[in-house]
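> Here's the letter readout for the chains.
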Amino acid sequence: MVNSYIPKTYKEALNLLAQNELLIIAGGTDLMVKFKSISGLLPKFKKDMLFISHLAELDFIKKEKNSIHIGANVTLEKVLNSKHTHYLLKKALLIMASPAIRNMGTVGGNIVNASPAGDTLPVLYVLNTKIVVESLDNKRIIPIEDFIVGPSKTILKENELVKEIIIEDKSFDYMVFEKIGTRQADAISKISFAAVTNIKNSNISDFRVSFGAVGPRIVREKELEKKVIGVTIDELNGMCNLICDNYSKFITPIDDQRSSAIYRKKVALNLLEEYIKSIK
Amino acid sequence: MSNISKAIEKVDSEEKMAGKAKYINDISYNDMLFAMTLRASESKAKIIKITYPKIPKGYTIVDYNDIPGKNFVKIIYEDMPIFAKKEINYYGEPILLVVGEDKAIISDIINNIHVTYKVQTPSYELKNSVIYYEFEKGKAKEIFKNAKKIIHFDYSTGYQEHVYIEPQGLIGLYEPDKITIIGSMQCPYYIKNAVMQALNSGEKGVRVKQATTGGAFGGKEEFPSLIACQIAVAVLKIKKPIKLIYDREEDMEFTTKRHPSNIKLQAAIGINNEIQAIKAYVALDSGAYIGLSGVVLQRAMIASSGVYTIDNIEVAGDVYETNTVPNGAFRGFGAPQMMFAIEMFINHIASELKLDPFTLRNKYLAKQGDITSTGGKFRDVIIMDEMIKKVMKMSDYKKKYLKYSKKDNYKGIGMSWFLHGCGFTGSGEQKHIKALVKLRKEKNNFVTILVASVDMGQGIQTTLRKIVANILQIPVKKVIYNNPDTDLVPDSGPTVASRTIMIVGGLVAQAAKLLKEQWIDGKEITIAKRYKQPKHIKWDEENLRGDAYPAYSWGVNVVEVVVNPITYQVELIGIWEVYDVGKAIDERIVLGQAEGGVLQGISYGMLEVMKNVNGRIQQKNITDYIIPTSCDSVNIETVFIDNPYLLGPYGAKGAGELTLIGGAPAVALAIENAINRRVTKIPVTPEYIMELIDYGEN
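Taken in sequence, the protein lines are chains A and B.
If you read the first sequence in the working numbering, its first letter stands for residue 5, the second for the next number, and so on.
If you read the second sequence in the working numbering, its first letter stands for residue 1286, the second for the next number, and so on.
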């Protein structure tokens, strides 16, 4: 049996984390599955639990000058329905899981779960999302690509809690999100793809691409992105094969019960190629 | 009620929608214990030794030593044990039950039982044939010997998992001279007979009661007999109520599935491009035990010319045992595999011969009076012409087919033609089942239907009542039909093979007519009616010759798709279906069968991937095993055309299985049309489509 802690305030939650080794649970849509037991028995949690989904201090969506701040507790459905939510994030949420999961699951949870197939992650990567984590005596603001270090692995410390995420609020001339799932809803991604591009005076001024479910982490290669900054649209199209070749070595999917490595890789590159060709 | 087809409210819809219906997991008893299964962790092995942890008081191990009767689950052959004794033949084979009050402690005991195996080499290839059948119509062998041109294609189909809404589950109850089994099932008397053999008891020693059943699709035909025997043995030993319910993953991993198949088809082509003869060979993977596989093979083989009349046919088939989870009954029962293959094949013959497929198919379409693959006769009117015209008009098939065939636009349309033999294959009804039904008019003038047929969601509780009420001209509310209890109802046979409306419903209708003649207000009257095979139906079980089925239901499906050339994903655009089920007893209920069936068939054809790797099922939950959601479906247009069958109640024939059979070939043909590549296996997944676009033949 494990103990459950239900703090009244955010501060109390940080206090509890400072004193105990706890597993943090918000909507539970990942943890309840991961630790599920045979029917009729309690989940097999290995640590004492800290419940946070009721903490109002983490349930907010705020728009600031160039960014949107989303509290870690905001449910996926609320994010989907907020007028502040970035178009591309909405696109990802619209086809994510099912209404029941979206009503329970949180943005913070989707990030901390750190699945390479996490549906919001490719979008959060291209939108330069930062994760705000706090402990009783410290606060860190970490870019998402540094925060997530592997499948189910983040650099969140035992005494820290994800407080909010900060998403760049920028509009783009070209943006796309594609989820290749096993079916139209309630599906886990075989591949996901997000990309945004801005054009200034017919030159590429901003170019960001990310892939999900094609390796242990979300793939976003800033060095490769830099190579196309400043080129013209025609040049970009001319570089299409080269760009795909460059990305190819970072796309290292596996065979599993949902798809094959060869399919994942080919479709990931098809999506990139199609996206580049769409920039005219 | 002038028109029997006019929909009435389903009698169980209110209690089901309100959540009031009691499924097996909603039922419990004082003192009730739980059971869980210890399963083999090897695919092929001998058990050397089992070491147990200290078993706490109140917890019991139940294994083969506790079986008073035979350690076999009675079905057709004595091959599958109730509990493995020494031999392990598949990963997950049940070895024993742990029974007790607290599931956590049971689970703990199971985790601490250590089985020592002598591991042997398992076989996963189709090498070990355990059943072989063959038959010939006309002079196929001779024609193939002298054939100038032979067209040959190989087809394969994968597993399909039932994913019934409610997993397998039963409760066993103890009385000094009787064991009662209650639960989710299709065939109360199969279970009764199996448990009697396991307990070595007489008729009166075993009682089986159906609980409200949340879907079955064939998966609750023979499988529940296994767990019923296990539970009965446990109840006999412990003398308390015991519940055994599978979790979804356990259910998906270790219960029966649709047989994977390899089908080789050859056509001998004459000088005028005519099909002189067809040669079919079917290989079915039975898994570790035969179970019903031989009968499934027969149905597949009999379907080997599809809806076409081919004068010369040579058919052979094997059931192969492998060290994998046993396969079993599934809606369609061998026909979906073969109907996929033959529908693709006739189109592939057309493309090889550069003929219009529609013209070629039409040329061989069966007509009334034609001889069936087994040398029987299509005795009744066949209205496929009308059905095909109808579906083509509804779907604008011709125009779309021409347009999509010319252009490389990744749009496609496919049409399947199919039939399904209603009732048991061959003389099954007459020789083995011998269905008996009773109607009892109560003193208060209510009428009770006494049959062993179960409602598993397909609506028989409503349709049988409707038949009786309509014949007796009494309100449906005055007809009683409780979930069957073998102590109260006669053996009207299992709820399988699209036989319930046609055979059982037919007997019920005959009994109702007799009752009407003998009706006396206020008096109790019981009418019994036993099945008699129509005299003109002859079947030679040894040689698979004669009339394999008393009647056939027919169907036409059209599916339109668009394939994404970047991601190879298939989007359904439209589904159109036309059926001849004789006469729909309730239009809305048959529509439910039609829409669910066609979607289950299409999904078999494009979505449902299940594989075993080294004998282990890889997709064992509904996250990984993909059945369609409402978002994956599209508008389905369905039409039934009446073609009453003389011996069915109000002309009704089978409907439940038929509706699944055409989905896979229709969607596979649509995808073929869209990508201009030949499809030879299902499911046609995006991964397979990618392969076909890159390397496939057109």
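Careful: at least some of the hints might be erroneous.
Here are the simulated lysine-lysine pairs, DSBU-like style, with alpha carbons at most 30 Å apart [stated by the list, open to error]: (1) B:LYS1823 to A:LYS284; (2) A:LYS51 to B:LYS1696; (3) A:LYS204 to A:LYS161.
Stretch-level coverage of chain A by chain B, calculated; a stretch enters the list once three of its residues show a Cβ under 8 Å from a Cβ in chain B [as the list claims (entries may be wrong)]: (4) 10-23; (5) 81-92; (6) 257-264; (7) 268-275.
Residues from chain B that face chain A, not an exhaustive set, calculated with beta carbons under 7 Å [as the list claims (entries may be wrong)]: (8) GLU1386; (9) ASP1387; (10) LYS1388; (11) ASP1532; (12) GLN1903; (13) GLN1904; (14) THR1914; (15) CYS1916; (16) ASP1917; (17) VAL1919.
Treat the hints as calculated values from the structure; they're not laboratory data.
From the three backbone atoms N, C-alpha and C, an ideal C-beta is built for every residue, glycine too.
> It remains to establish, for every hint, whether it holds in the given structure.
Quick rundown of the hints versus the structure:
1. B:LYS1823 to A:LYS284: violated, 72 Å
2. A:LYS51 to B:LYS1696: At roughly 53 Å apart (the allowed maximum being 30 Å), B:LYS1696 and A:LYS51 break the hint.
3. A:LYS204 to A:LYS161: Outside the cut-off at roughly 42 Å; violated.
4. 10-23: violated (count 0)
5. 81-92: violated (count 0)
6. 257-264: holds (count 4)
7. 268-275: holds (count 4)
8. GLU1386: violated, 12 Å
9. ASP1387: violated, 9 Å
10. LYS1388: Where the cut-off is 7 Å and the nearest Cβ of chain A is about 5 Å from B:LYS1388, the hint holds.
11. ASP1532: With a closest approach of 5 Å, the B:ASP1532 hint holds.
12. GLN1903: holds, 4 Å
13. GLN1904: holds, 5 Å
14. THR1914: holds, 5 Å
15. CYS1916: Since chain A brings a Cβ to about 4 Å from B:CYS1916, closer than 7 Å, the hint holds.
16. ASP1917: holds, 5 Å
17. VAL1919: violated, 11 Å
Of the numbered hints stated above, those contradicted by the structure are hints 1, 2, 3, 4, 5, 8, 9, 17, listed in ascending order.
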